[in-house]
Each structure stands twice: as C-alpha cells, then as structure tokens.
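Chemist: Residue numbers (our numbering), protein chains in the order written: chain A, 1 to 493; chain B, 1 to 368; chain C, 1 to 307.
Note that these hints are calculated values from the structure, not bench results. Here the structure is a predicted model, which is why all the values come from computation and not from measurement. It is possible that some hints are incorrect.
Derived Cβ-Cβ restraints for the label pairs, each shown as a range [stated by the list, open to error]: (1) Leu74(C) x Asp389(A): 26 to 36 Å; (2) Leu74(C) x Ser281(A): 32 to 42 Å; (3) Ala183(A) x Val132(B): 44 to 54 Å; (4) Arg239(B) x Ser281(A): 16 to 26 Å.
Footprint (simulated), chain C over chain B, 3 or more residues, beta carbon under 8 Å [what the hints assert, rightly or not]: (5) 27-34; (6) 142-149.
Yeah, the Cβ is synthetic: ideal placement off N, Cα and C, and Gly gets one too.
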Amino acid sequence: MGIPSGTNRAVNTPAPRLALTGISRRFGNVTALDGASLTAARGEVHALLGENGAGKSSLMKIAFGLDQPDAGTIELDGQRTVLRTPREAMARGIGMVQQHFALVDALTVSENVALGSGGRLDLAATANTIRRLSAASGLPLDPDARVSTLAVGAQQRLEIIKALARNAEVLILDEPTAVLVPAEARELLNWTRRFADAGGTVILIAHKLREILSIADRVTVLRRGTTVLTASASDVTEQLLADAMLGATRSAPPMRSMAAPRAAAGTPTITLVNVAANDPSGVERLTNASLSVNSGEIVGIAAIEGAGQRELLRVIAGRLEPTRGTVTIPEVVGFVPEDRQRDAIVLDATLTENLALRGADRRRGLMPWQSLSSTTSDMLRVHDVRAVDTRATIRTLSGGNQQKFVVGRELADSPLALVVENPTRGLDIRATAAVHAALRTARDAGTAVVVYSSDLDEVLLLSDRVLVVAAGAVRDAGSDRDAIGLAMLDASR
Amino acid sequence: MARLPRVIRALFEPMLAITLSLIVLTALLAVSGYSVSAALTALWHGAFGSWSVIASGTLVRATPLLFAGLAVTVAFRAGILNIGAEGQLLAGAAAATAVSVTISPTLGIAGVALALVVGGAAGGMWAGIAAVLRQRFGVLEVISTIMLNVIMLHLTGLLVRGPLQEGTGTFPQSALIDPALRLPRIFPGTRLHVGVALAVLSALGLAWVLRHTAQGFRLRMTGANPRAAASAGGIGVARVAMSAFIASGAIAGLGGAVEVTGVTFALYENLSPGYGYTAIAVALLARLNPMAAIGSAVVFGALEAGAAAMQREAEVPAGMVGVAEACVILVLLASEWIGARAGRWSTLFRGGPPSKHVSELSPTSDQP
Amino acid sequence: MSALADFLDASVRSATPLLLAAIGETVSERSGVINVGLEGTIIVGCLAGLAAATIVGPTAALAAAGIAGLLLALIFAIIAIWLGAEQIIAGTAITMMGLGLTGTLYRVLYGDAGAALSAPTMAPIGVPLLQDLPLIGGAFFRQPLPTYLAIALVPAVWWWLNRTHSGLAIRATGENPAAARASGISPRRVQTAGALFGGLCGGLAGGTLVLAQVGTFAEGMSAGRGFIAIAIVALGRWSPVGAAIAALFFGMASALQFLFQSLELKLPYQVFLALPYALTLLALAFARGRYRAPAALGARIGTADIT
Numbered sequence: 001m002g003i004p005s006g007t008n009r010a011v012n013t014p015a016p017r018l019a020l021t022g023i024s025r026r027f028g029n030v031t032a033l034d035g036a037s038l039t040a041a042r043g044e045v046h047a048l049l050g051e052n053g054a055g056k057s058s059l060m061k062i063a064f065g066l067d068q069p070d071a072g073t074i075e076l077d078g079q080r081t082v083l084r085t086p087r088e089a090m091a092r093g094i095g096m097v098q099q100h101f102a103l104v105d106a107l108t109v110s111e112n113v114a115l116g117s118g119g120r121l122d123l124a125a126t127a128n129t130i131r132r133l134s135a136a137s138g139l140p141l142d143p144d145a146r147v148s149t150l151a152v153g154a155q156q157r158l159e160i161i162k163a164l165a166r167n168a169e170v171l172i173l174d175e176p177t178a179v180l181v182p183a184e185a186r187e188l189l190n191w192t193r194r195f196a197d198a199g200g201t202v203i204l205i206a207h208k209l210r211e212i213l214s215i216a217d218r219v220t221v222l223r224r225g226t227t228v229l230t231a232s233a234s235d236v237t238e239q240l241l242a243d244a245m246l247g248a249t250r251s252a253p254p255m256r257s258m259a260a261p262r263a264a265a266g267t268p269t270i271t272l273v274n275v276a277a278n279d280p281s282g283v284e285r286l287t288n289a290s291l292s293v294n295s296g297e298i299v300g301i302a303a304i305e306g307a308g309q310r311e312l313l314r315v316i317a318g319r320l321e322p323t324r325g326t327v328t329i330p331e332v333v334g335f336v337p338e339d340r341q342r343d344a345i346v347l348d349a350t351l352t353e354n355l356a357l358r359g360a361d362r363r364r365g366l367m368p369w370q371s372l373s374s375t376t377s378d379m380l381r382v383h384d385v386r387a388v389d390t391r392a393t394i395r396t397l398s399g400g401n402q403q404k405f406v407v408g409r410e411l412a413d414s415p416l417a418l419v420v421e422n423p424t425r426g427l428d429i430r431a432t433a434a435v436h437a438a439l440r441t442a443r444d445a446g447t448a449v450v451v452y453s454s455d456l457d458e459v460l461l462l463s464d465r466v467l468v469v470a471a472g473a474v475r476d477a478g479s480d481r482d483a484i485g486l487a488m489l490d491a492s493r
Numbered sequence: 001m002a003r004l005p006r007v008i009r010a011l012f013e014p015m016l017a018i019t020l021s022l023i024v025l026t027a028l029l030a031v032s033g034y035s036v037s038a039a040l041t042a043l044w045h046g047a048f049g050s051w052s053v054i055a056s057g058t059l060v061r062a063t064p065l066l067f068a069g070l071a072v073t074v075a076f077r078a079g080i081l082n083i084g085a086e087g088q089l090l091a092g093a094a095a096a097t098a099v100s101v102t103i104s105p106t107l108g109i110a111g112v113a114l115a116l117v118v119g120g121a122a123g124g125m126w127a128g129i130a131a132v133l134r135q136r137f138g139v140l141e142v143i144s145t146i147m148l149n150v151i152m153l154h155l156t157g158l159l160v161r162g163p164l165q166e167g168t169g170t171f172p173q174s175a176l177i178d179p180a181l182r183l184p185r186i187f188p189g190t191r192l193h194v195g196v197a198l199a200v201l202s203a204l205g206l207a208w209v210l211r212h213t214a215q216g217f218r219l220r221m222t223g224a225n226p227r228a229a230a231s232a233g234g235i236g237v238a239r240v241a242m243s244a245f246i247a248s249g250a251i252a253g254l255g256g257a258v259e260v261t262g263v264t265f266a267l268y269e270n271l272s273p274g275y276g277y278t279a280i281a282v283a284l285l286a287r288l289n290p291m292a293a294i295g296s297a298v299v300f301g302a303l304e305a306g307a308a309a310m311q312r313e314a315e316v317p318a319g320m321v322g323v324a325e326a327c328v329i330l331v332l333l334a335s336e337w338i339g340a341r342a343g344r345w346s347t348l349f350r351g352g353p354p355s356k357h358v359s360e361l362s363p364t365s366d367q368p
Numbered sequence: 001m002s003a004l005a006d007f008l009d010a011s012v013r014s015a016t017p018l019l020l021a022a023i024g025e026t027v028s029e030r031s032g033v034i035n036v037g038l039e040g041t042i043i044v045g046c047l048a049g050l051a052a053a054t055i056v057g058p059t060a061a062l063a064a065a066g067i068a069g070l071l072l073a074l075i076f077a078i079i080a081i082w083l084g085a086e087q088i089i090a091g092t093a094i095t096m097m098g099l100g101l102t103g104t105l106y107r108v109l110y111g112d113a114g115a116a117l118s119a120p121t122m123a124p125i126g127v128p129l130l131q132d133l134p135l136i137g138g139a140f141f142r143q144p145l146p147t148y149l150a151i152a153l154v155p156a157v158w159w160w161l162n163r164t165h166s167g168l169a170i171r172a173t174g175e176n177p178a179a180a181r182a183s184g185i186s187p188r189r190v191q192t193a194g195a196l197f198g199g200l201c202g203g204l205a206g207g208t209l210v211l212a213q214v215g216t217f218a219e220g221m222s223a224g225r226g227f228i229a230i231a232i233v234a235l236g237r238w239s240p241v242g243a244a245i246a247a248l249f250f251g252m253a254s255a256l257q258f259l260f261q262s263l264e265l266k267l268p269y270q271v272f273l274a275l276p277y278a279l280t281l282l283a284l285a286f287a288r289g290r291y292r293a294p295a296a297l298g299a300r301i302g303t304a305d306i307t
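Chain A with its partners taken away, still in its complex shape (with noise of 0.2 Å):
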C-alpha cells in the first residue's frame, strides 16, 4: 500500500484512494468514453461535473464493476485492480447509490441491505446493523418497512446505509439531489462532507454549480467522453465549470430568475374544483384540488414526490377520471408524460405512426399514411427533430430529438391546453434550451400551459406563476424560491 506506482504524482504524495485513468468505452458505434481519468483521495468530496451524455455515469459504472472499460486502468490506494462485478467493488470498499434506486419494492430494508452479502442470513442482526449505522451516520430509517412504503428521500437514505453496510470507504452518488426537496438536499450534502472529514471519499454527479462549489473540495469535468478539467474547488468559478462542460461554442440559454408576472390577459382555459384522484393502487394521492390557468400563460408546479402532482397533471390532461369535484378542460388536451420512452411513444414504430398516434382513438376507416407522413416532416422542420426520415423508427433517435418529436406532435393541431411532466430530464442543455424555447412559443400563440418539473428551478425558470400541490392540496405560495420550497414541505411529514 502507499507504494507511488504512477509517474503522474509527486512523490511524496500517498496513493490516491481511487484512480481512474484513460478509461475508454465503446457501445457499437457509440463513444461513451474516450481517455477519462479521475482521482480522488481520503477525506475528499469530489464533484464529477459534465453535460448529459458526457459520460459520468458510465464512467461511475465502470468504477462500480457495472461496466468494465474498453481501455485504461483502475488503481485503488496505488494497486491496480480489475473489477469484473460490483460485488468485487463492494469487496474493495466501494459502494455506488445510483440515480435509479437498485432497491426491491417487495422486500423489507433489511432484506434489501442483507441482499448479496454472504454468511448466514440472519435479518435480527441486519437490523441491529441497521439501526446502528442510521444512528451513528444520523440517517434515520425503520429496518421493518417494506421499500414500497418509504418516500423517496427514506429510499435515498437506505442506498447510502446499504454502501455503508458494506464497509463503503468510497462512496459514489450519482445525482443524489435530483429527487429530494432543498432542505433534504442540503442535509444529503452536509452529510457526505461528515464522511469525509471522517476519511471516507465521496465522488458527487451533479448538475447545480453553485450546490458543488459549496461543498466540493475538488472537481472534475467530463466532455464528450474525455477529462477536460481537475481543480480544486477554491480555483474554479460556475462561469469557469459551464464552459468548460459546454466547450468553446456553447450556446445555454440565458439563466433568468422566474419572469415577472404577465398581465393575466387570457381566459380561463382549464378549471378545477375541489378535485381527488386516486393512484394506480387506488390510493387518494390528490385530495382538494381547486386551480385555474388563463390562456397564454405557463403555470408551474412545485411539489416533492408524491404530493399528488402525477395525478393532478393527469387530471388536467384528461387522462385520469377523478374521483369528485369539477373539472372543466378542454375537448384536446396535450400531454408530454416524464417517461416518454413507456408512455409517449413506441419506440420500434416508425415516426410516421407515432404522428398517427395522437388522435387514434378517433380516427375512422383508412390511415391516410401519405398525408400523416408529410404532416410529420413539416412537424419534424418545425421543431427541429434531427432525423433520417418519417420512415425511421424512433428508436433510432437521440434521447433529446425524442423529447422535441413527443413536444412537437403534442402541440401540432395548437391545442388549447398543454400539460409537461418533467420536460427535460435526462436531456442536455442544448436539447433542454430547444423544450423550453418550444414550450414558451405555445405560451406566446395562447395555449394554456402546465408545467411540473421535479428540479424547482427549471420550474421557476419556466413559470409566469408557480402553484405549489402539497399534501393532494394544491396552494400558491408566491414567487419567492425559499417561501415556495418550505411550502412543498409542508404539512406533508
């Protein structure tokens, strides 16, 4: 151990806990990395910064044993190491909470923490670890809930105690504070700056420049697949991070403070009364809902997971019955749903039918495929979807031109009324600038706009006017960012 082996450290220097160096990886035709490196040391919070598609989860992957890389090395404290599995990573302290919770709903915390360790299962004494462990790191959790039951930040919590079960000295946390409200967010990052200064490494994806620059102690940019900066902290600015993610040419929207609010001009396009609504298991997720939204304005909502927004969106769109109360929507509502990929579109169909797929239900006879099909290059012009042909599937295009064709074919025949769902996650800032732009023009031509984005700062950037659903009750708290994240809280623990 502590023995230099590189010839790209001083040599006084101990070893770093983990280095990465000239990791590449190819998906077919795909470059996902080409040449990364990352170190980081004992008692270091380090942020890995990079656009969407930069590489920074695959190269977490690779780090984890998920994914093993086409090319480069992996050290841990100077000793070189293959990691085939992530059990073989566990092995060497490292642990990863990815940005998709790799818990089981059925099982209990103690049976997703006792998962894959060896020995005799013994879930008494799992859960004295547990609580062990909740106590010592202050991360509080009940060893006998069942998963499906826990809120998100619960579950977020139950990823970390599982890595630290493990004896994780290396912690990696890919997007940690995407799902959890302000105040959670910043308990998440008070605490992995304790593991640190208590020895541990923590490696933090993220997107919020001034969130990292708070906490980090070093960071790394990721572009295109390639290390283009490694500083400390203290050397870098957020003008300095941003381009180096974007590269010589950017061209990011402008950041803005929520616009001032527009002369309420429009007619009330959607109104509701009093509404509930039910989740798929038939629990009552929205309780009160009573909202108005003018035509020609975007309305933003802000709520933490589970407050009923899912539902209250669908009621909106029309694409969920409630279960009392009024609602008054128009005949044809558009609807961009978070999950494009299982609710918007058929991936293997091609872009012509997925056109067709909007109005379905009431079409008549004969597909008239060659008008549908010269319907779908003007949309594709319009809104920019870079595509071979209306033949292709849409498979075959990229996560951001998916979202622009799923935007686009919901605002073809102008609707009255357009509901977003979490327009851009997933996209990169370019794809996100297009959404936005797309969503401000329908504004502009008077369609009614509602948009909930679980980041309450693109919610904030989009919005003339924010509404907050907090415990199935929809509620306007100003436009303040602090006023409005303490009313998301609210009433809902």
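With the hints as your guide, set chains B and C onto chain A.
Modeler: Just chains B and C, lined up with the frame of chain A:
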C-alpha cells in the same frame, strides 16, 4: 442494389432456422439408426413428390396451419400470448359440424357458409372466455388458454360419444357431413379444397387491415406499447386487446370449420395433430407478418405431410418432426440474439431504417 | 376402507407429481422465470425414469428422471435466460421438443407400436402407527417415496426462499433483477439455478408418474400436468405452502370420479377429465386480487444489467 439486402435480411433468419432444423432432424435420424437417405427421400416425396402430393398433402395440411398461424399473429401483435389456437380451432370444428349435420343439405353452399360463420363465432367465443378471465379477473392468458385447450379436447370427446355421435353409436365420431354441405374441391382428383383460397384471402385481408385501417393501427400500437397507446393515443387498450383476442379465436375457429367441411367431413377427437401449437412456429417463422405466414404455413405443411410419408415409408416416428418444429422456434429465438450481438451481421442484415410505414419486416417490439 | 378414504388416497396420488412439479416451478417463477416447457420436462422425466428403471431399479431411476428434466431445462435456460428470448415461446418450443423427442425415442428404444413395457414400481412405505389413522392414514402415511419427498420439499423450499441468502437472492431477482445485480448478485445465474431446479422437480414428477404410479410409458402420458402445475403455482400465490394446498385441491378434483363412481352417479368420464381444469380456471378467477406475481416474472433481463 438497395432491394437485394432487404430481401436477404427478411429471409436470412427463417432460412437459417429451417436449415439448422433440418440438420438437427438429420442428426436425430442418424443417431436413432434410421437410414437418413431413405427417411429424407420419403420426407421429400411426401411433401413435394408430385403435383398431387403438393395439392393433397402439403397444401391441405398448410391450410389449418395458416388459419391458426394468422390467429397467433393477430394475438401476438396485440400483445396477447394466446396459446389457445388449438382449442379455438377445435371449438370451430365442433360447432361447424353441429351445424352441418343438422341443417338441410338443400341449402348447399349457403349451408357451408353458415357452418363457417358459426365455426368462427364458436372459436371467438372460446377465446372470449380467456379474454374475459384476463380482463375481469386478471388470469394470465397463457395459463387460461392452455387449460381451455384441454377442456375443449375433452368436450370434443364428449360430443362425439354423445350428442354428435354417428347414427350407429359405435364409433367415437360424428356423422359424415352431406356432400352438398362440403367445401368444393379446386382440382378434381385432389383433396385441395376452396378453404386454401379462403386461408390465403384471410392472410391478405389481415395484412391489409393491420397496415391500412385505423383498427389495425390501434391493434399494433396496443401490442407494441400499451401504455403509450393509452396515454398518447387515447386508445382503449383493454377493449382493443379483448377484440384482438376474440378475433384471434374466430380465425382459429374458422380454420377448424374449414377443416371439417373441407377435409375430414366429420368431427372426431384427434382432429388436430397440434395445429394450434405448430401455429406458433408458423407465426414466428413469418416474423408475425400475415403475408409471410402463407409461405411459413406451406413450409410446415410440407414438413407435416412429409413426416406422415416418412412414417409410412421409412417407419420413422412422426414425433421426429415435432422436434424439428421445436428447433425452428428455438433457432429463431436464438438468432434474434445472434443478430443483435454480431456487429457485422447487424450492419449486413439489420442496418438502415425499415422501409415501410408499417414496420412489418422487423416488428421487434411487438414480437414477443 | 371407506369411499372417503379411497377418495383421499386417490387425491394424494394425483397431487404428488403435480406438487413436485409445482414446487420446482414456484422457485423458478420466484426468480422471474416462467417455464411453460414444464410439460416437456415431465414427459422427458417419464421416459428417462422408465429407461433407467429397467437397468438400475426404481429408486435410482427416479434420480435419472430428475437429471433428464434438468437437462431439458438447461436448453430452456440457455435460450430464455442467456440469449434473452421470450420465455413463453421458448417454453412452448421446449414442450414440443419434449413430447416429440420422447415419442420418437420410445419407439427407437422399445420398438414400434409401443410394446407395453412395464417397469418395476416403488412400493408404498407405511409410517408406523400413523398409517393406521382412520381416513387420512392411507392417504398421507402409506405412500411411495416420492410422495414423502414432495411433502418434505414444501417446508424445505419455504425455508430456502425465506431464511437463506440464496432464497433472498431468488426473490429479489424475480422482483427487480437490476437491483439484485447492483447488490452483487448475478441475475442470470440465479435464474438459471431457479430454472434448473424447476427442471429437476419436473423430471422427478415425470419419474414419479412412471415409477410410483403407472409403471409404464405412453406417448403424451404427461397429459397436461406441466400446464396444471403452472396454474397451481399461480393458484398457490407463488408460495410452496400455497402450491401444496392448490395441488391437493386439484388432486381432489381429479379424484372426484372415484367418489362419484362409488356413489354410482353416471357421468361421462370426459366430464371428470375436464373438471379439474375448469375448477382451476374458476379458482384462478376468484383468487383475483389476493395474489401477486413476482414483478419481473417473464421479463427479459436488459442486456446492460446482466452478467
């Protein structure tokens, strides 16, 4: 230039599957101590030996396989795993027989039409049981259709020993259908009947419906991604799936009705040597394309007709062909993986966007 | 003996092969693999049992039957788990293969027209004292070895699934393979093990049929038992104890004909043949909402998630 690779792409996997299955069949014959050349010669003679063999053997066998294969195609493309074509075909056969032995022979061709319609309806109703069980009670259609196959088999046994038994009450089969109520022969001297044309017309009709009608479009979208079909298309996916399930049963039932009015002229217990199960291989070999199912049904019809000859002439058990059919399915399933893995193959055989509005040449997502 | 005791005895006899097959399929389905090829596995077990019994005697032949079932399940596992094919269709092909293969091999091995070859069968083993219990003594305590094996498997498999690490891995894989993989488990290996155990039990079920009950082989003698076993798994809500109850229920439905005969009720025998299937369908319909299949049952594991 551009057309040739596409043809190769479409035919590559089926040809691979057939070739490998014949190799397996040959190996099995050799291992079992049969004369490979004698057996394969008998197979060839029984399938394609002469025009009359093709007409009376291969094409006659291919007809119920095509009907059942189309039934499987409709169901699978709608995302319904209907393993019950066998029972639905028997239901159609039983109902058509009941009609044919009851009505007056003077009805002639109108009587035949009635028998076919009733047969289709019976098949649809038998599938409808499974459809309701799936829709209302959440019973997996795989389980229910298999159960219903067994129930229908015993029900047929009951019918041919009870209400439908022939006049003398000696044999477990129904009375013979009056010649006036049989499907006309296409060529005198062969067993080739009008049902073959009906089957081909059904295939063409189904292809047209899937490609050009709103109903067909809704069915394909429902099968490929029911959530998106419901959310983005407003399609009542439960209703579409249910209709497709019943339509699937009706097509199989029609096949059973054609079989009794065109070939057997009576109902008996072992009417179907597993047409409903072979149909899955027929549909898969055709990659769930109704037009391609015509060719696929002929391939399996030839295999079955040849197997009968093989058993007659070379005393090779016909079960051997069941093994070959299973191999066709397994090789097709495996070749999907091979195709997806081998980079070189993927550019050679799968590259480029599909050429049609309907992605029928490579319906990967709606292919189970 | 009373008619009721006979009825119970016949019920347990019918239930034994079904329970063996259903227990194996329960483990397989809990790992996320539904194997419709079980029917083929059982018939392969039948023929292997017969062939081995003529050489090594019934008890060793039972083991041979299990191994034969395991080998057929291995083909299924390669296609459905390692090559990621649709499980239902792969299973259907496996059943076709099992039925075709046994029909062919039987004629190859023992000549045409199926010269009625008989194998020595296992004698019932009486449990002292208990076998003399009224009504249930004969049914539960004077049975051949496989019945006791099936009964013993119920608590054993329950313990395996609920009290061991490998059982936890099986349940986790059937619910969420990606999560299992992130916890250091190989979903493919777990599912392969589940499918092979299912094949082993299916083969044992076939062996039981020949070696403890019928004493000979006939083409297609599995007679849909594999499909019934799959229904029993669903009816038993994916638990070994539930499978035992469901198997006994089905066995009783099958044995009704003996009871009705003794009561001198005249009904065509096809009614009795079809009755258990119809009752099972009804039971499945009314068990609605009270059971839930493993979340990832029948799903293909994404290629990115597997080792």
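Chemist: Now tell me, hint by hint, if it's right for this structure.
Modeler: Taking the hints in turn, this is what the structure says about them:
Distance hint check for Leu74(C) and Asp389(A): the Cβ-Cβ separation is about 45 Å, which falls outside the suggested range of 26 to 36 Å. For the hinted restraint 32 to 42 Å between Leu74(C) and Ser281(A), the CB-CB distance of approximately 39 Å keeps it satisfied. For the pair Ala183(A) and Val132(B), the beta carbons lie near 51 Å from each other, so the given range of 44 to 54 Å is met. Separation of Arg239(B) from Ser281(A) is about 23 Å and conforms to the stated range, judged on CB atoms against 16 to 26 Å.
With a threshold of 8 Å between beta carbons, the proposed coverage of the stretch 27-34 of chain B by chain C holds, since 3 of its residues qualify and at least three are required. Counting residues of the stretch 142-149 of chain B whose C-beta sits closer than 8 Å to any C-beta of chain C gives 6, which meets the bar of three, so the coverage hint holds.
Hint 1 from the earlier list is the only one contradicted by this structure; the remaining hints agree with it.
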